[in-house]
Every structure is written in C-alpha cells, then in structure tokens.
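With the hints as extra help, turn the sequences into a complete structure.
If you count the sequence shown from 1, you need to add 155 to reach our numbering.
For the record, the hints were derived by calculation from the structure and aren't laboratory data. C-beta: ideal position from N, C-alpha, C; glycine also. Accuracy of the hints is not assured; some may be wrong.
Computed list of lysine-lysine pairs in BS3-like fashion (alpha-carbon distance at most 27 Å, straight line) [to be verified]:
1. Lys-175 with Lys-196
2. Lys-197 with Lys-213
3. Lys-176 with Lys-217
4. Lys-217 with Lys-160
5. Lys-197 with Lys-175
Estimated spans, in silico, between C-beta atoms of each pair [stated by the list, open to error]:
6. Pro-185 with Pro-157: 19 to 27 Å
7. Pro-174 with Ala-237: 19 to 27 Å
8. Ala-209 with Pro-174: 18 to 26 Å
9. Glu-231 with Lys-159: 34 to 42 Å
10. Ala-237 with Lys-175: 17 to 25 Å
11. Val-194 with Cys-169: 37 to 45 Å
12. Pro-227 with Arg-173: 24 to 32 Å
13. Pro-229 with Pro-208: 14 to 22 Å
14. Glu-225 with Pro-157: 15 to 23 Å
15. Asp-186 with Ala-230: 30 to 38 Å
16. Cys-169 with Ala-235: 18 to 26 Å
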Amino acid sequence: MPQKKIPMRQCIGCQTSRPKKELVRVVRGPDGTISIDTVGKKPGRGAYLCPDPACLAKAQKKKALERSFEQPVPAEVYEALAAQLAAAREEGTHAKA
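Structure follows, in structure tokens:
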C-alpha cells in the first residue's frame, strides 16, 4: 500500500519546508481579523511559522505576515504568537521529562 503523502508548508520566518503538523498556522479570516489557528481548519488566508521564537522574530523583522496577508499586522498579534510559541515550548519540555 502506498504511503500517504505528508503535506509540507514553508515557514515564513526561516523559509524551510516542514510537515504542516509541525508548524503554527496564522490565519487572516474573511472579515480581516488575524488570529492563531490551533486546529488548522479556520477559513481564510493562512501563513505558517516554525514553533521557534527566532522564526517569529525573523518574520516580524522582514514583515512576512504583512506581505502574506496584504495588510498591516497589529503588535498584539505578534505578542499573542510569541506567548503561544512559549507555551508550546513549555509543553514540549514537560512531555520529554
């Protein structure tokens, strides 16, 4: 039986392609609001980031989210992303212990 194809996405921070499940999806909804998509099913334009604060910093520096969504991204969105990435890293360290 052929192996199922794993969907790959590119991180907007470091430009590396990784399996979709490993990345965090940020979505601009049809109404123009920008939020973090934890399930990966929200409607709208999506952009993907590695769960690494360094990638978020790179994406913010080169305005990658602004280019992906073709609109300004408020600072609160970057703060929420940073908080979620920190929380995800905490969970990851506890899972290994």
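We went through each hint and held it up to the structure:
Distance hint between Lys-175 and Lys-196 is fulfilled; the C-alpha atoms sit about 12 Å from each other, no more than 27 Å. Proposed proximity of Lys-197 and Lys-213 is supported: the alpha carbons are some 25 Å apart, at most 27 Å. A hinted pair counts as satisfied when its Cα atoms are at most 27 Å apart, and Lys-176 with Lys-217 qualifies at roughly 24 Å. Proposed proximity of Lys-217 and Lys-160 is contradicted: the alpha carbons are some 31 Å apart, above 27 Å.
With a CA separation close to 15 Å, the supplied pair Lys-197 and Lys-175 stays within the 27 Å bound. A hinted range of 19 to 27 Å is violated for the C-beta pair Pro-185 and Pro-157, which are about 36 Å apart. Checked against the hint of 19 to 27 Å, the pair Pro-174 and Ala-237 passes, with Cβ atoms roughly 23 Å apart. Distance hint check: the CB atoms of Ala-209 and Pro-174 are about 19 Å apart, consistent with the given range 18 to 26 Å.
Distance hint check for Glu-231 and Lys-159: the Cβ-Cβ separation is about 38 Å, which falls inside the suggested range of 34 to 42 Å. The supplied range of 17 to 25 Å is met by Ala-237 and Lys-175, whose beta-carbon atoms lie about 21 Å from each other. Taking the beta carbon of each, Val-194 and Cys-169 are about 24 Å apart, not inside 37 to 45 Å as hinted. Distance hint check for Pro-227 and Arg-173: the Cβ-Cβ separation is about 27 Å, which falls inside the suggested range of 24 to 32 Å.
Checked against the hint of 14 to 22 Å, the C-beta distance between Pro-229 and Pro-208 comes to roughly 18 Å, which is consistent with it. Between Glu-225 and Pro-157 the C-beta distance comes to about 38 Å, which lies outside the given range of 15 to 23 Å. Checked against the hint of 30 to 38 Å, the C-beta distance between Asp-186 and Ala-230 comes to roughly 20 Å, which is inconsistent with it. Against the hinted window of 18 to 26 Å, the Cβ-Cβ separation of Cys-169 and Ala-235 comes to about 20 Å, which satisfies the hint.
Hint compliance for this structure: hints 4, 6, 11, 14, 15 are not met, and every other hint is.
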